[in-house]
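Engineer: The primary structure of each chain is shown beneath.
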Amino acid sequence: MDILTPWLRSYLPALSVTDEQLAEDLTLRGIAVEGTFAIANGTRYEMDITTNRVDAMNHYGVAREAAAIYNVPLAPLPATAPLAADKPGDSFPVTIEARDLCGRFTARIVRGVNVKPASGLIAEYFAALGQKPISGPVDVTNFGWLSMGQPTHVFDLDTLEGGIIVRRAKPGEKLRLLDGTEKTLVAEDLVVADEKKALGLAGVMGGWDSRVTETTKNILVEAAWFDPAAIRASSRRHGLHTDASHRFERGADFAAAPLANNLVTRLVVEQAGGEVIGEMTDIIIPALAAKTADRPTIALRVSEVQRHLGTTADGLGISESIVAQYLTALGCTLTQTAAGEYAVKLPSWRLDLEREIDLIEEIARVYGYNKFANTLPTFIGTVIELPHAEQEHTIRTTLRGLGFSEAISSTFCSAEEATLFTTASAVAIGNPLSAEAGMLRPALTPGMATMIANNLHRDVSTVRLFEMGTVFNGSTAEVIEHTGLSLGLTGSAIANSLYRAEDALFYELKGALEALLAKFTGAVTFDTNELPAWIALGRGARVLFNGQPIAVFGELSATEQQRRKLRQTVALAEVNAAVLLAAPLRQPVSREISRFQAVERDFSFLFPDTVRWADIDSSLRALKIPELQSIGPVEIFRDPKGKAVAAGTYSLLVRVVFQSTERTLADEDLTGNSSRIIAALTALGGVQRA
Amino acid sequence: MNIPQLTDFSEASLDAAFAEVRALAETAITAASFDKEQFRLEWLGRKQGYLGQISDTWLKAAPVEAKKLIGQRFNALKQTIEEKLAAETLLDSGIEISGLDITLPGTAQRLGVEHPLVKTMAEIVSVFQRMGYSVGLGPEVETDFYNFEALNFPPNHPARDTQDTLVVDAQDGKPLRDRLLMRTHTSPVQIRSMLEQAPPLRLVIPGKVHRNDAADATHSPVFHQVEGLCVDTNITFSDLKGTLDHAMKAFFGSAVKTRFFPSFFPFTEPSADVQISCIFCGGKGCRKCKHSGWIELLGCGMVDPAVFASVNQRRIELGREPVYDTARISGFAFGMGVDRIAMMKYGISDIGLLYSGDMRFLEQFA
Ligand SMILES: [Zn+2]
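In order, the protein sequences belong to chains A and B.
So the first sequence is numbered by the numbering used here: it starts at 1 and just counts up by one.
So the second sequence is numbered by the numbering used here: it starts at 691 and just counts up by one.
Excised from the complex, chain A in its bound form (with noise of 0.2 Å):
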């Protein structure tokens, strides 16, 4: 919405700042102007005025805002004093049906015009507007909406068959409108109408067949209260938004409909000739009215408003006068009822105050926000950290470590990741932004999934990403939330002799969450149980800790890949951070480190292919060697071909470690310890190689 300066300053004759002071006073206070324009003698405004300040959205409601901030009298609103007829006459007959959507609706003749655009003031404040006039009495209905913000209509008089009735709409009633589109409409729509036909959609738009036109001779002016809620819904319903419904929804003033029929009927003599015939017709609901302009006064306490909004920064605080000056400017009534306190009396054009609380806002925003002072309230009581902060502070920073970066992706996933990333429950969006994010993600790797394949779309082809975040199971009943964690990489493993460079991706991960898992208290076992269908076979494994599953992970499979035009390697891993997250962060304990030296025996041995690593692992452990440090694989070595070391089997070296606390350790200690590991290799179908 656009303000014009000049126009503002006709209603404030008293008012000596400059447009650019006013413009930041203005802004100051909750009526902001965006932009300023120069004009022939002034400015033009642009507005950004909140949608609860509807009363505000025009030149008069703009220049009672500065009268306020100002304490400068405003100028009653011109025009729109009582108007005689010309020639006596019956008023027109209306007939409100709909009794609980129409508070107020007035309407008065005007015979005999001679329509052509408008001229004088109403052109030239166009011209600075940019807004090109049409047509007398349509320009003069456009002057009173932006000079006090109510909306009005005129209608073409010969067009009515009878008397107004407004009334619900017949279902399936049909209507032409301004705009040239016809609308079917349902019986919650309400409608002007005649006696025979609805006339207009009311509060939204007026009818094409009673439209004035250049032909018109004698018109009927209407300016009306309708019900907040159904110029919403219908406005809604018929994908209509226009200037009468933005302020109908919002609610109108119901002391305006009559000053707005006398400065619209005056007008359009003036612009357009004719001559008034009889006297305004004028139907009040008093039902409607005590909602609006006869709303019982509230209760203000000065004690309050000094309570809510505190210490100002000239220290003088609001004083009682402050309170009575700025609320009386704005228009309401105040009668003192004790010491500090008042009822007052609502303006009928600010159906958002409603409570005392509204009124403290009223005057802490004329006072201006930043002449309050700043201060710190004092504060007893304790600061409780998030239970969990310190593990997912050790997620992060034990990812970061290894080289992942942080990443977020969307919230939402298609129905066929859901259902390939996890067998667990996924939940729909009633409205989803596109198919691909119809459902809340059951997990983090269709999100990782999509984002590494960005990256290598991109010709990124190294990648490390984690996210932490919230993955949702459940139904549309019940939808549960818990933490979770993925891990996605891709490109450049770190290199390992032991591995094989195509298996390194794999280990790498592996390692990660062994790493990841290792600052938490719990026991951490792998198998291959239960794993999803995305991962390929053979290439991914379960983890579990302390014997519950918190993970699994390995490579992309190969359909995957090919779906996504993957060309190389991907690994993810899907994580219930949520366990991790009440897990207990491991305590470490520090152990006195031996002074005797640690001696190193190495095996080498061949196995058939059916002798995992645990099981040497586990079966050396059993031995119970007190001094056995370590155990771990040197050196792994198959050959494709069969000849060094023949098919189904493999060859490997064990290096283990010995060191005691107390001694150093002799020949024949050394000598029987291998001496049993060598026995417990072969029984596990080990061959010892030269």
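Bear in mind the hints are in silico, worked out from the structure with no lab data behind them.
Some hints could be false.
[Unchecked claim] In silico DSSO-like links for lysine-lysine, alpha-carbon gap of 27 Å or less:
no., chain 1, residue 1, chain 2, residue 2
1, B, K939, A, K371
2, B, K947, B, K809
3, A, K371, B, K947
4, B, K1035, B, K947
5, B, K758, B, K774
6, B, K978, B, K939
7, B, K898, B, K939
8, B, K898, B, K768
9, A, K519, B, K809
10, A, K291, A, K345
11, B, K974, A, K371
12, A, K371, B, K980
[As the list claims (entries may be wrong)] Per the computed footprint, the stretches of chain A lying under chain B, defined by three or more beta-carbons under 8 Å from a beta-carbon of chain B, are:
no., stretch
13, 45 to 52
14, 359 to 372
15, 398 to 405
16, 428 to 438
17, 472 to 479
[Stated by the list, open to error] Chain A is faced by these chain B residues, among others (derived, beta-carbon under 7 Å):
no., residue
18, V825
19, G828
20, L1052
Predicted model, so just to flag it, every value in this text is computed and none were measured.
Where a beta carbon is used, it is the ideal one built from N, C-alpha and C, also for glycine.
Please build the complex by placing chain B with the ligand on the supplied structure of chain A, with the hints as guidance.
Structural biologist: Same frame as chain A, but now just chain B with the ligand:
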């Protein structure tokens, strides 16, 4: 070259003799005609080297107790000459004598990068933690009651339109207040916290929120907020101003100024928008602040009594005391978009990058 004659084997005589030899070496090294290979041959050569000759001569003549003194001095001298040689060589060629090119990149394991949003959010939260605020969290799928009704958004209220909501499927069978939706702000956590705890209350609430917004450079259907709530007896509008002014100075630096404008939020009254003086130009006006000198950053206000009323009502339904007595207590709430702050702080032009997992983007924050 001559071998200096030793008068005796006292330490003083040895020192004088060694100083003489060192001076000879230095002169040779710094001479214009210096040739490294030539020098090595003449001085350090195993058999014919000058140093070796002196060593042999002196040691032969020395009494047993002086042999050690001579040995020590020889070693020190040899080291000094080697270092001088190395320094000369380095000056000449720029390559260290040991053969390392110190200009090649090091091999440190790449660290993962902290996400700029996560980092910004943590920094904001910690500012308020230092001011005595506890952290509060809540679910991302909320009911209409917590997201709207209790926050004074009545059914069919126009303010709901501004919050284009993503809803969970198949909710029509439920009463409006129980219908599930993606929370559009972190404010529901205010309600949840007040249901659980009695005042005084100081909470800072970080979290992810969603709106049914088409994605563009400044909009994302997923974004992040940090919200705050302070409730106690005698909490005033000037306390709200002071708290946010202090927090903004703590976060952006003590030179930052704040200013407050009237605004509208259903759950606060009075409501305000807060601007900070531009952190790029200090308020003089630049491209980043659209030449205004100010940047809009926060929404805030005094908690609307209607919110306390909903909380009390719900507390009664849950069999708890309605302790949010508006005659006695008051409070303020504030909220800010973390994405916007991170984008401003790091000069990120497209919000979508924050949710892309693009390594090229993330690695800039290493
Ligand atoms: Zn700037």
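Engineer: The structure should be examined with respect to each hint, and the outcome stated for every one.
Structural biologist: Taking the hints in turn, this is what the structure says about them:
1. K939/B x K371/A: holds (19 Å)
2. K947/B x K809/B: Holds. K947/B to K809/B sits at ~23 Å (cutoff 27 Å).
3. K371/A x K947/B: Between K371/A and K947/B the Cα gap is close to 14 Å, so the pair holds against 27 Å.
4. K1035/B x K947/B: The given pair, whose Cα atoms are some 16 Å apart, holds under the 27 Å limit.
5. K758/B x K774/B: Between K758/B and K774/B the Cα gap is close to 25 Å, so the pair holds against 27 Å.
6. K978/B x K939/B: holds (19 Å)
7. K898/B x K939/B: holds (25 Å)
8. K898/B x K768/B: Judged against 27 Å, a Cα distance of about 69 Å means the pair is violated.
9. K519/A x K809/B: holds (22 Å)
10. K291/A x K345/A: holds (13 Å)
11. K974/B x K371/A: holds (22 Å)
12. K371/A x K980/B: Holds. K371/A to K980/B sits at ~25 Å (cutoff 27 Å).
13. 45 to 52: holds (count 3)
14. 359 to 372: holds (count 7)
15. 398 to 405: Result for this restraint: holds, n = 7.
16. 428 to 438: holds (count 7)
17. 472 to 479: It holds: at least three residues are needed, and the stretch 472 to 479 of chain A offers 3 whose Cβ sits within less than 8 Å of chain B.
18. V825: holds (5 Å)
19. G828: Interface hint status for G828/B: violated (10 Å vs cutoff 7 Å).
20. L1052: This interface hint holds because 5 Å falls under the 7 Å limit.
In summary, the structure is inconsistent with hints 8 and 19 from the numbered list given earlier, while agreeing with the others.
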